[in-house]
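Please model the entire structure based on the sequences and the hints provided.
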Amino acid sequence: VTRPQDWVPPNVDVSVPSIARTYDFMLGGAHNFAVDREVGAQIEKAMPGLRQAARVNRAFLGRVVRFMVAQGIRQFLDIGSGIPTVGNVHEIAQRAAPDCRVVYVDRDPVAVAHSELMLAHNDRAAVVRADMRDPDAILASPAARRLLNLDEPVGVLMLLMLHWVPDESDPLGLMASYRDPLAVGSYLAITHVTGDNQGDGLTEATGVIERSKSVDQVTLRSRAEIRPMFGDFELIEPGLVGCAMWRPGGPADITDDPDMNALVYAAVGRKADR
Amino acid sequence: MIPDPDHLPDATPTPPEETRGRSLLARKWAYLLLSTVFQPLPQSEFERELLALLDGVCDDVYGEPFDTTRSHAAGVRLVELGCTVDEVLPRTVDTLGRGLLAQQEFRPERYAERIVLAVGALASGFAEANRRNTFEQQESIKLSLLKAVRDAKWTVKESEARFDEVTMSVASGILIADLDGRLTRVNAAIAEILGYSSAELTGINLFDIVHPDYAPALREDYRDLLDGNRDRIRQSQRLLCKDGEVASISLTATLLRDGDDRPGEFVTVIEDGTELFLLQNELSRQALHDVLTGLPNRQFFGSHVERALRRADREHGITLCHLDLDAFAVICNGLGHRVGEHVLTEVGRRLTAAMSGENAMVARFESDEFAILVENTATTPAVARMVAHINDKLAEPINANGHRVAVSASIGVVHRPSPNFGSAEVLRAADTTLRRAMAAGRGQWKLFAAEQDERDRRTDTLAAAMPGAWADGRLGVGYRPMASLASGAVAGVEALLRWDHPDLGTLPHDRCVELAELTGLSLPLGEWLLRTMCSRARWWQQRLGDDLPLAVALTAHQSTDAELVSRIVGVLDDTRVPPTRLTVWLPVHALSDIADNVRALAELGVQTGLSDFGAAVGDLALLADLQVRSTRLARRLVTRQAEAEAGSPLTSALAAIGPLVHRAGATVVVDGIDTREQADWWRSAGADLAIGDLFSGLAAHFS
Chain Y
1 VTRPQDWVPP
11 NVDVSVPSIA
21 RTYDFMLGGA
31 HNFAVDREVG
41 AQIEKAMPGL
51 RQAARVNRAF
61 LGRVVRFMVA
71 QGIRQFLDIG
81 SGIPTVGNVH
91 EIAQRAAPDC
101 RVVYVDRDPV
111 AVAHSELMLA
121 HNDRAAVVRA
131 DMRDPDAILA
141 SPAARRLLNL
151 DEPVGVLMLL
161 MLHWVPDESD
171 PLGLMASYRD
181 PLAVGSYLAI
191 THVTGDNQGD
201 GLTEATGVIE
211 RSKSVDQVTL
221 RSRAEIRPMF
231 GDFELIEPGL
241 VGCAMWRPGG
251 PADITDDPDM
261 NALVYAAVGR
271 KADR
Chain P
1001 MIPDPDHLPD
1011 ATPTPPEETR
1021 GRSLLARKWA
1031 YLLLSTVFQP
1041 LPQSEFEREL
1051 LALLDGVCDD
1061 VYGEPFDTTR
1071 SHAAGVRLVE
1081 LGCTVDEVLP
1091 RTVDTLGRGL
1101 LAQQEFRPER
1111 YAERIVLAVG
1121 ALASGFAEAN
1131 RRNTFEQQES
1141 IKLSLLKAVR
1151 DAKWTVKESE
1161 ARFDEVTMSV
1171 ASGILIADLD
1181 GRLTRVNAAI
1191 AEILGYSSAE
1201 LTGINLFDIV
1211 HPDYAPALRE
1221 DYRDLLDGNR
1231 DRIRQSQRLL
1241 CKDGEVASIS
1251 LTATLLRDGD
1261 DRPGEFVTVI
1271 EDGTELFLLQ
1281 NELSRQALHD
1291 VLTGLPNRQF
1301 FGSHVERALR
1311 RADREHGITL
1321 CHLDLDAFAV
1331 ICNGLGHRVG
1341 EHVLTEVGRR
1351 LTAAMSGENA
1361 MVARFESDEF
1371 AILVENTATT
1381 PAVARMVAHI
1391 NDKLAEPINA
1401 NGHRVAVSAS
1411 IGVVHRPSPN
1421 FGSAEVLRAA
1431 DTTLRRAMAA
1441 GRGQWKLFAA
1451 EQDERDRRTD
1461 TLAAAMPGAW
1471 ADGRLGVGYR
1481 PMASLASGAV
1491 AGVEALLRWD
1501 HPDLGTLPHD
1511 RCVELAELTG
1521 LSLPLGEWLL
1531 RTMCSRARWW
1541 QQRLGDDLPL
1551 AVALTAHQST
1561 DAELVSRIVG
1571 VLDDTRVPPT
1581 RLTVWLPVHA
1591 LSDIADNVRA
1601 LAELGVQTGL
1611 SDFGAAVGDL
1621 ALLADLQVRS
1631 TRLARRLVTR
1641 QAEAEAGSPL
1651 TSALAAIGPL
1661 VHRAGATVVV
1671 DGIDTREQAD
1681 WWRSAGADLA
1691 IGDLFSGLAA
1701 HFS
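Protein sequences appear in the order of chains Y and P.
Position 115 of the first sequence, counted from 1, bears residue number 115 in the working numbering, the numbering being contiguous throughout.
Add 1000 to the 1-based position in the second sequence for the working numbering, that's all there is to it.
It should be emphasised that the hints constitute simulated quantities derived from the structure, not laboratory data.
You may find that some hints are simply not true.
Stated by the list, open to error - Now the in silico label distances, taken between C-beta atoms and shown as ranges: (1) Y/A224 x P/G1195: 50 to 58 Å; (2) Y/R146 x P/P1065: 55 to 63 Å; (3) Y/P238 x P/V1093: 35 to 43 Å; (4) P/S1044 x Y/L150: 31 to 39 Å; (5) Y/A97 x P/V1093: 34 to 42 Å; (6) P/S1367 x Y/E204: 46 to 54 Å; (7) Y/A224 x P/D1231: 49 to 57 Å; (8) Y/R247 x P/D1231: 44 to 52 Å; (9) P/S1044 x Y/G239: 21 to 29 Å; (10) P/R1457 x Y/A97: 36 to 44 Å; (11) P/V1093 x Y/E204: 31 to 39 Å; (12) P/T1184 x Y/R146: 35 to 43 Å; (13) Y/E204 x P/G1605: 33 to 41 Å; (14) Y/E204 x P/S1566: 32 to 40 Å.
Unchecked claim - To be clear about the criterion: a stretch of chain Y counts as covered by chain P if any three or more of its residues have a C-beta under 8 Å from a C-beta of chain P, and this derived list gives those stretches: (15) 23-35; (16) 114-122; (17) 144-158; (18) 195-209; (19) 257-271.
As the list claims (entries may be wrong) - Sample of chain Y residues with no beta-carbon within 10 Å of chain P, all distances over it, derived: (20) K45; (21) G62; (22) R66; (23) Q71; (24) V86; (25) G87; (26) E91; (27) I92; (28) A140; (29) S169; (30) A224; (31) E234.
The structure displayed is predicted, hence computed values, not measured ones.
Ideal Cβ placement from N, Cα and C applies to all residues, glycine included.
Structure (structure tokens):
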């Protein structure tokens, strides 16, 4: 007989929201539970334009995947892929070039189960359940070994991901271990929430996440702290900018609110020839 | 011509114009949606998608017989495209509603009703699909949860922590039971839902915590899982809490098989009923209920009317009441919106109570409108008694935030409508009847009469066509001289509207104003009238060197318009007419307060006056309060004077107005002076200026 005390940690608050499902809620999806919606609504109350920031970040994903496909990239590694509702990397990439291969990585077991169900009939996309702080395990996973050829350029996406990694986990060292095994010509895209030029709303919003006892906590970083994550990769024009300013093509890509346009920094880097 | 959705208007589209207009509208629609909802398609493709939907809606508008299938499907398609955030529907309805009406191909407005119906069908398609989509996604995330539990379970021996992580990461309760139903593991969430500790739950039988009324059937269902007859069960259930309370929950269960495909354990996921319930409620409320009062909304009510008409008892039929609370805006403005909301909630409750003895549905439409549908029986009281009963229930003052508020309602009643009526016609009949009741004053009710409805519909049709006529230049401005009764000379000029209608001939000023008031067109139209006159006045001044006073009479809406002063200042600035040259008459019986506008105009130097002035004490009091410069007598009084015997009480009262008004420092203007006798009488009664046929000779001055 298993004693429940052994496996149920004491004093655990069962209403633990998931960042992946809250983001889905922000994008208008219904792949979420009440606790996720509650946190989402509270965050939105603190920062009324946040839904719009989520929208433009998701639109950036579309632009950057199409950009990489246009540069010849045919294999993608999407770290922190979350709950896929619409506009996922494999949908966008395979629409542009059907031979694209995509490996998704997430830590949230429900997000992973959901992705597995969704990708069941797509043999060029798979999901790996792993912590992003363990790049070796990710790259050595059966899915990555099957779908990614590290001798060829890869498009690596770390969107709305690295602000969940606290400084103690050494995000710069971590990024180096992602960049190093990549072939020349590979691309790296990062979006990262910043406190640069933001008001009190952001502090309140991060406060909501802290109080929600979510396992994940936000570390806001400045432009100067985010730039080194690209190491010696060359930044593609226009460099490190508010994600709405990264090659916007229409109303889908920007909001009316300058704060929301700049809430998330975005940049794309390319591994240069030696 | 009255628009009839079932009959094709006799015009056919002209392709090139139509294509261009529609593309522009689709582009605008796409732009507005893209700036609110994430869209994986590139913008140009998204625009193409929307254009195809728009074409479908337009096909519906032209279709014969009229049918909204494609519009409905367009709403469904929007959801499929992922346009599911809250702002999508209002933006879509607003853009298409206005945009289609403005399309060249749908002008003039004979298509208006079809467009409204088609956009409505799109909205209902969207609402249904969005609701379905939400449930599908909810179902799918639950499946994922179940899968995550099962996946973790397979490796549980290697990593118990991983299992915990799965079960801890959700608010759903998870119960693992052996094949006899004995609980071997539970997570903290289910313990919390039921009020037990995890330890207390472990070891007891699953079916012992199910409500005894439901346990035997649930046992059968688990037996089906075990026998492989079903893969999964999903149902609403009632569980027993530790304190004896019953928890309504949603239960999903599957059977886990071991590595050799032999039955191993049951996994049951429990969602606190309140969550699913709230979601369901919220969705159904959004779609079918009014949030504030919890009553059915217009959409739900409309479909209920449809069904009731079909199944109505031939002998007794149905009765539909459409209610509007009198002076509700006054309650909100005076006591605040919270009190207003409380009043609406209480009214909803009382109407429901008033109809409790009947087979009736009470619904709340927008703002302060309610509706009641009664499926009559032999014992249903007569309409008059039913209405009296409703009024009695409403008359009792409502306590709200320390205020005691009494409400009354105007009611339009359609009793036993013709069997040929559809729900839309019955609702429309009730609505127009309500408007007639409201026009008759507070607390009135009216019974629908087909003939009256026909007249109202003609008026509505004309009113709806008026903006188009204005745009097409069929509205004109005419000028009438005002004469001094003392000298007979021209003493000013008044501007009047005129509509040269192709079928009905020239509609005079009063009719134009009445129609414009119905749609709110009177605000821009009034400004245009003033601007036209002021521009003309400059011309008169240059040509004729005269600077006669200019006058314009405002409608009730115009005189309470918050923008009135800025509109008038704008016109005077643009046309360089000095404010002192302008007289503006505001109706003495305007529905709400005109004092602010009168004072602001007077401060500008504009000559203010009260129109529709009579001998009532209240009129004189207002005159004293507002200190206006002139009064214009109600035309019906001038007519009555002409018909009355000399020395009658009425003429005595009218003769007293002049001196009273003069004592308040104002002048008297009379309208409708057609004969020399009238002019003489009014001059001796103290009137200063006159308008009417008698002075039409002076009009040559302005032509």
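Hints, one by one, checked against the model:
At about 52 Å, the CB distance of Y/A224 to P/G1195 agrees with the hint of 50 to 58 Å. Against the hinted window of 55 to 63 Å, the Cβ-Cβ separation of Y/R146 and P/P1065 comes to about 58 Å, which satisfies the hint. Under the hint 35 to 43 Å, the C-beta atoms of Y/P238 and P/V1093, about 38 Å apart, fit the expected range. At about 36 Å, the CB distance of P/S1044 to Y/L150 agrees with the hint of 31 to 39 Å.
The hinted range of 34 to 42 Å is satisfied by Y/A97 and P/V1093, whose Cβ atoms lie roughly 38 Å apart. Separation of P/S1367 from Y/E204 is about 34 Å and departs from the stated range, judged on CB atoms against 46 to 54 Å. A hinted range of 49 to 57 Å for the beta carbons of Y/A224 and P/D1231 is consistent with their spacing of about 55 Å. The hinted window of 44 to 52 Å between Y/R247 and P/D1231 holds, with their beta carbons roughly 47 Å apart.
Look at P/S1044 against Y/G239: about 27 Å separates their beta carbons, and that is inside 21 to 29 Å. At roughly 60 Å, the beta-carbon separation of P/R1457 and Y/A97 lies outside the given 36 to 44 Å, and the hint is violated. At about 33 Å, the beta-carbon gap between P/V1093 and Y/E204 stays in the expected band of 31 to 39 Å. Here the CB-CB span from P/T1184 to Y/R146 is close to 36 Å, well matched to the stated 35 to 43 Å.
The beta-carbon spacing between Y/E204 and P/G1605, approximately 51 Å, falls outside the hinted interval of 33 to 41 Å. The hint said 32 to 40 Å for the Cβ distance between Y/E204 and P/S1566, and at roughly 39 Å that hint holds. With 9 residues having a Cβ less than 8 Å from any Cβ of chain P, the region 23-35 of chain Y passes the three-residue criterion, so the hint holds. Chain P is given as covering the region 114-122 of chain Y, and this holds because 3 residues of the stretch bring a CB closer than 8 Å to a CB of that chain, at least three being needed.
Requiring three or more residues with a Cβ within less than 8 Å of a Cβ of chain P, the coverage given for the region 144-158 of chain Y is violated, as only 0 such residues are present. Check on the region 195-209 of chain Y: 0 of its residues sit with their Cβ under 8 Å from a Cβ of chain P, so the three-residue criterion for coverage is violated. Chain P is given as covering the region 257-271 of chain Y, and this is violated because 0 residues of the stretch bring a CB closer than 8 Å to a CB of that chain, at least three being needed. Listed as a non-interface residue, Y/K45 keeps its Cβ farther than 10 Å from every Cβ of chain P; the least gap is roughly 15 Å.
With a closest Cβ-Cβ approach of about 6 Å to chain P, Y/G62 is found to fall inside the 10 Å limit, against its non-interface label. With a minimum CB-CB distance of about 8 Å to chain P, Y/R66 fails to clear the 10 Å threshold, and the non-interface call is violated. Distance check for Y/Q71 against chain P: the nearest CB is about 17 Å away, which clears 10 Å, and the non-interface claim stands. For Y/V86, the non-interface assignment is contradicted: its Cβ lies about 4 Å from the closest Cβ of chain P, within the 10 Å cut-off.
With a least CB separation of 3 Å from chain P, Y/G87 falls inside the 10 Å interface cut-off, contrary to its annotation. Not every beta carbon of chain P lies more than 10 Å from that of Y/E91, the smallest distance being close to 6 Å; the non-interface claim is violated. Chain P draws Y/I92 into its interface by the beta-carbon criterion, the shortest separation being 6 Å against a cut-off of 10 Å. Distance check for Y/A140 against chain P: the nearest CB is about 18 Å away, which clears 10 Å, and the non-interface claim stands.
Every CB of chain P lies more than 10 Å from the CB of Y/S169, the least distance being 18 Å, so the non-interface label holds. Against the 10 Å criterion, Y/A224 stays outside the reach of chain P, whose nearest CB is about 30 Å from its own CB. Every C-beta of chain P lies more than 10 Å from that of Y/E234, the closest at about 27 Å, which supports listing it as non-interface.
Hints 6, 10, 13, 17, 18, 19, 21, 22, 24, 25, 26, 27, counting from the list given before, are not met by this structure.
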